[in-house]
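Turn these sequences into a full structure, and let the hints steer you where they fit.
The primary structure of each chain is shown beneath.
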Amino acid sequence: MSEAIKLRLENIGKRFDVAGAARTIAVQDFTLDVAQGEFLVIVGPSGCGKTTVLNMLAGLELPTTGTVSLNGRRITGPGPERGVMFQDYALFPWHTVWGNVEFGLRHGPAGDGLDAAARERRVRSHIDLVGLSGSEGKYPHQLSGGMRQRVALARLMANEPAVLLMDEPLAALDAQTRIILQEELLRIWGQDRPSAERRTVVFITHAIDEAVFLADRVAVMTTHPGRLKAVIDVPLPRPRDDATRAQSQFQALSQHIWGLIRDEAYRATVT
Amino acid sequence: MLPLALVFVWQTWGVITGNPRTPVPTRVVAAALQLIESGELPLAIVQSLGRVFAGFAIAALLAIPLGLAMGSFRRVERNVDPLVESFRPIAAIAILPLAILWLGTGTPAAVLIVAYAAFFPIVVNTVAGAKRISPTLLRAAATMGLNRFKVIRTVVVPGALPSIGVGLRIAMGVAWTAIVAAELAVGAKAGGGGSGGIGQMMFVFYAYSIELNRIVVCMIAVGLVALALDRLLRGGLRFFMPWMAR
Amino acid sequence: MAISSSSRFGTVIAYVRTMAVFIAVWWAVSVWTSNLVLLPTPFAVIEAIVDLARDLELFVQAGISLGRMMISLALASLLAIPLGLLMGLRRTLDDIVDPVIELLRPISGIAWIPLALFIFGIGNALPIFIMTYAAFFPILLGTVAGVRGVDRGLIDAARTMGVPRRTIVTRVVVPAALPSLLVAVRLGVASSWTAVVAAELIGAPSGLGYAVEWYRELLMTPQVMAFIAMIGVLGYLTDTSLRALAQRFTPWAADARRM
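Residue numbers (our numbering), protein chains in the order written: chain A, 1 to 271; chain B, 1 to 246; chain C, 1 to 259.
Note that these hints are calculated values from the structure, not bench results. Any given hint could turn out to be false.
[Stated by the list, open to error] Heads up, incomplete: computed chain A residues facing chain C, CB under 10 Å, no partners named:
| id | residue |
| --- | --- |
| 1 | GLY59 |
| 2 | ARG82 |
| 3 | PHE86 |
| 4 | ALA90 |
| 5 | LEU91 |
| 6 | TRP94 |
| 7 | HIS95 |
| 8 | PHE103 |
| 9 | GLY104 |
| 10 | GLN142 |
| 11 | LEU156 |
| 12 | ASN159 |
| 13 | PRO161 |
| 14 | LEU165 |
[As the list claims (entries may be wrong)] Computed far set for chain C versus chain A, every beta-carbon distance over 12 Å:
| id | residue |
| --- | --- |
| 15 | TYR15 |
| 16 | MET19 |
| 17 | SER30 |
| 18 | ILE49 |
| 19 | GLY63 |
| 20 | MET70 |
| 21 | ALA74 |
| 22 | LEU75 |
| 23 | PRO205 |
| 24 | LEU218 |
| 25 | GLY232 |
| 26 | ALA244 |
C-beta atoms are modelled at their ideal positions from N, C-alpha and C, and glycine is treated no differently.
Structure, rendered in structure tokens:
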């Protein structure tokens, strides 16, 4: 590819040793490059190891074999330059929206060099960005699922990470909220900006239509052990919206990907 | 291992203090053997246990049906709950003087105290267990044509069993503590002529013979019996409810 | 939990109705047995409560017992909470200390009374010692469980923000464990309030437990019942106010189970 390679997964393998049971190989022989400014989506049936791959990119887990690197440097642990959005939001319940968004700047290296005023500006701008102005003083338990997801996004982006790692962030939402947030996500990411200025995103989902809607490329994983089956280009034009879903190319791509996963998914429900 | 180290420190401290009455591990062990051989300790434990089991059984026989009724019928709960909640904060030991007034310093009063103490954890947990049954399950049973009482018998009772089990375990612990406290208090009031049991034996060792080593033996016995009761109950519950997750 | 005002009114009505029935039955039985030492009438008890309240004895003894409980709670918390935090965070420490805890815990605070009587004699120190001991274990174990039970995801979220480990402990683990900690303190209070009666009944020259026993020996049953009622009321009030405090400081804690 012509753009610079942001993330590289080379021959990744991850083995879990569960006490008493046989060793589980979660991921095997996984090689993938992610380009700068790319929106890459990983799809696969449940339990195929997608989350493990993401955790390795995040540095929350280390691969048993192979290397994971960012900008050519090996990843050895978590850090604010690779921000993570978790499926269950992981918002701090004792902090308000403001407190949550501010957290990484207040207590982490992303806030180094920012005085209180600069920090406040950054928090405000990100709260506005995700469309939550007016809710700064609310607590997570007072918010709807969609709002909580926005807070998680704002918190993540306030640290100005180079890479966004998202683990099925929209899975817990109802279908309608999901569609709206998909578009919001693309807007916030900056889908109409050139790739050199955009953040790199690795997004995990099991919903194929979501993958095709969001992605520049879709990586399809198999299950048990998790392997990379195929990488599909999604050349649909940006910006994407409701009309995109109606296009025949959208349907064709979705069908194609489903065809790749279908057998695995079936087996997953029976075993 | 920290416990062994502490025992060792305790022994050394006792030896250094020099007073032959100071309780130290070696003397405690000797006293324990003495008390077991003479039969005093086993007898006391059996007496206390007898009261615990009697009181526990009475409490369970009253509390479980009541709890199931309260958990299944809103009306019952609304009318009975004020009484339960009013008396629950009053610990069993506070009732002891009343119990002595009514029944004297013997076994009946002790059993009453144990039953009172064990009653509340069982009721509270049974109600919670009955209420926790997912309404969907209840509706499913109803759509299969079961009347109210059948539903209770076939759905509520098995579903509430884990919670009832928790209540029973808590109640057992409370009951054992209550009997020791009751016997201790009775011993303090009735002196040596009281009605036996390990609590009273402990007090006698304090007040009359000042046998500190024997007191420690009793304390350890109290702890060991508490553990044994809990294990036994847990094993029994698991036997009757193999589907209960640990 | 939001209760509709009509339902809450209904609960109050039911409460009043049940207690009225209870008092009526009580009165009937007491008249039938007509032994005022064995079972005084409800009115005798109310009269006793009013008298004891008027010459303040009811409140003085209550204050003494409450004071002891607060001191014990403070002592137990000071010991148990830091230890519990450390044990929850460091597995190795927990492995070392836990056997000692598990060996001591089954020996209830009450079983310590004879030995403690020998060490402290009758006085203030005895109830406070017993009550501190009784409160210690629930608070310790609850704190450890609270720390262990902190949502792993919250810690991971902080890690991905590059937050250093020590800050994670103070700014994530402690606040996240706070609801469980408060529950543990409530259990400790309940435990020590039970112990207060036993301790005062046997080994103190003052307090509610002592008063109960004192009036029993004088065969003044209405007064005995008055003090028993006071014990119950205070036990209920302390638990309710702690629960309100927890609600105020940790409003996000979804778990409002009745313990």
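Results of checking the hints against the structure:
no.	hint	result
1	GLY59	holds (8 Å)
2	ARG82	holds (7 Å)
3	PHE86	holds (6 Å)
4	ALA90	holds (4 Å)
5	LEU91	holds (8 Å)
6	TRP94	holds (5 Å)
7	HIS95	holds (8 Å)
8	PHE103	holds (7 Å)
9	GLY104	holds (4 Å)
10	GLN142	holds (9 Å)
11	LEU156	holds (8 Å)
12	ASN159	holds (6 Å)
13	PRO161	holds (9 Å)
14	LEU165	holds (8 Å)
15	TYR15	holds (30 Å)
16	MET19	holds (36 Å)
17	SER30	holds (51 Å)
18	ILE49	holds (43 Å)
19	GLY63	holds (35 Å)
20	MET70	holds (26 Å)
21	ALA74	holds (24 Å)
22	LEU75	holds (27 Å)
23	PRO205	holds (45 Å)
24	LEU218	holds (53 Å)
25	GLY232	holds (34 Å)
26	ALA244	holds (18 Å)
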